[in-house]
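*Asks:* Sequence:
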Amino acid sequence: MVTYLGKIGELALKGSNIKSFEKLLVSNAKNCLLSVDAKVSLRAGRLYVECEENACEAVEFTLNRLLGITGWAKAVPVDKDISAIQNTVYELALQEEKKGCRTFKIQARRSDKSFPMTSYDIMREAGNKIVENGLLSVDVHNPHTVFNVEIREKAFVYADSNKSCRGLPVGCSGKGLLLLSGGLDSPVAGYRMMRRGMTVECVYFHSYPYTSKEAQEKVEKLAEILSWYGIRTHLNIIPFTQVQMQIRKKAPENYATLMLRLCMMKAASMLAKRINADCIITGESLGQVASQTVENMKVTESMAEIPLLRPLCGMDKEEIIETAKFIGTYDTSILPYEDCCVLFSPKHPVLKAPLEEAMEIFNGMEIEGLINEAYENRELKRYEAAGYVAENWGTKDIKESLIKGNRYTVPRRS
Numbered sequence: 000m001v002t003y004l005g006k007i008g009e010l011a012l013k014g015s016n017i018k019s020f021e022k023l024l025v026s027n028a029k030n031c032l033l034s035v036d037a038k039v040s041l042r043a044g045r046l047y048v049e050c051e052e053n054a055c056e057a058v059e060f061t062l063n064r065l066l067g068i069t070g071w072a073k074a075v076p077v078d079k080d081i082s083a084i085q086n087t088v089y090e091l092a093l094q095e096e097k098k099g100c101r102t103f104k105i106q107a108r109r110s111d112k113s114f115p116m117t118s119y120d121i122m123r124e125a126g127n128k129i130v131e132n133g134l135l136s137v138d139v140h141n142p143h144t145v146f147n148v149e150i151r152e153k154a155f156v157y158a159d160s161n162k163s164c165r166g167l168p169v170g171c172s173g174k175g176l177l178l179l180s181g182g183l184d185s186p187v188a189g190y191r192m193m194r195r196g197m198t199v200e201c202v203y204f205h206s207y208p209y210t211s212k213e214a215q216e217k218v219e220k221l222a223e224i225l226s227w228y229g230i231r232t233h234l235n236i237i238p239f240t241q242v243q244m245q246i247r248k249k250a251p252e253n254y255a256t257l258m259l260r261l262c263m264m265k266a267a268s269m270l271a272k273r274i275n276a277d278c279i280i281t282g283e284s285l286g287q288v289a290s291q292t293v294e295n296m297k298v299t300e301s302m303a304e305i306p307l308l309r310p311l312c313g314m315d316k317e318e319i320i321e322t323a324k325f326i327g328t329y330d331t332s333i334l335p336y337e338d339c340c341v342l343f344s345p346k347h348p349v350l351k352a353p354l355e356e357a358m359e360i361f362n363g364m365e366i367e368g369l370i371n372e373a374y375e376n377r378e379l380k381r382y383e384a385a386g387y388v389a390e391n392w393g394t395k396d397i398k399e400s401l402i403k404g405n406r407y408t409v410p411r412r413s
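Each step along the sequence shown adds one to the number in numbering that gives the first Met the number 0, with nothing skipped, and position 170 is 169.
It is worth saying that the hints were derived from the structure and are not from the lab.
Treat each hint with caution, since some may be false.
Said to hold, decoys possible - Straight-line Cα separation of at most 20 Å, SDA-like style, residue types lysine to any residue; simulated pairs:
1) K212 / K380
2) K174 / K265
3) K351 / N362
4) K18 / V1
5) K249 / E367
6) K153 / T198
7) K265 / K153
8) K351 / V293
9) K162 / P142
10) K265 / A303
11) K73 / E95
12) K351 / E252
13) K324 / G70
14) K265 / K324
15) K97 / H143
16) K351 / P251
Taking the hints into account, I'd like the entire structure generated from these sequences.
*Replies:* Right, dumping it as structure tokens:
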């Protein structure tokens, strides 16, 4: 049996309602690991995942993306005996030395205060065998490897831990509707709101044949990647071809992108009401493109009937790209299939549209009927982290019954 320890960060700062956050974190982890043989629990500020060796890849995939923990480690549980601890640390040091490690230090945490040695004593004694055998040198300031010892119901020993996503467990902060395009920004915006505990559903506006099937498949892949962090997500695909053609006929060319944004916001508000979303999320970043000036963003949000959140508003492109690479959306986002916003973008868009003038143009397009028709013809796709884990690492019987249409279906344990 293999044991993993997940380290809780921000949750530890919660007060009397910490139990509800912890319960949600455990539930999210269990949900992702339904299809593999893994046991999840939480005790004294640590998330425990115990599994068989053949489930390690699935567990590590999940812990790397589980929002609510700061990091995780593959730990070795041993008896609370300093000789057993010392021997285990030495065995780990042998493994690290083969990887090229030359220096180390010990960190100890004594949650069980009945253990007779202090944390300092544990740190001093645990590394003795390494030093006596000349295997590695001590460097407390900049070591190649840190060996950790935690004294709990057992002693847990592990080498350097892996960083995770931090944040809050998904599901503790309401629901948002993300305007998901095929670009870099919107997936990052969705991830950042998931990281604050929000459940996120997505809407994508497709303009076939002006946008290709590959462009839609690109967005579907982005929605799937987001589900790995958000536990699950729904992707609503709204056909917007007729809306965009009406904009080209009725709106001044320099207002085309802004009118498209207004139409999208109108449709998104309708969908948000249908799914009981608390807010709409966009990937807008202040000043990045013409439609994202303060004046134009004011026009866009005038059509929103619920709060509009812009988590990237103060970020620059390099910060957004860095996050996209971290969460795994970058390679998909840069595929050369353009969305409808890019294809119908005017050469000289309006930069500071007066709200009254923009609304007069919108009302003159006589477009609300087309927006309603597009909304009614939407298509729904569902993605679940549990389904992805089951498809790649789940047991044979679950794999065979995994996918029905576009929905992942995973048998729940009793």
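*Asks:* Of all the hints numbered above, which does this structure not satisfy? Sort the numbers upward.
*Replies:* Those not satisfied are hints 4, 6, 7 and 14.
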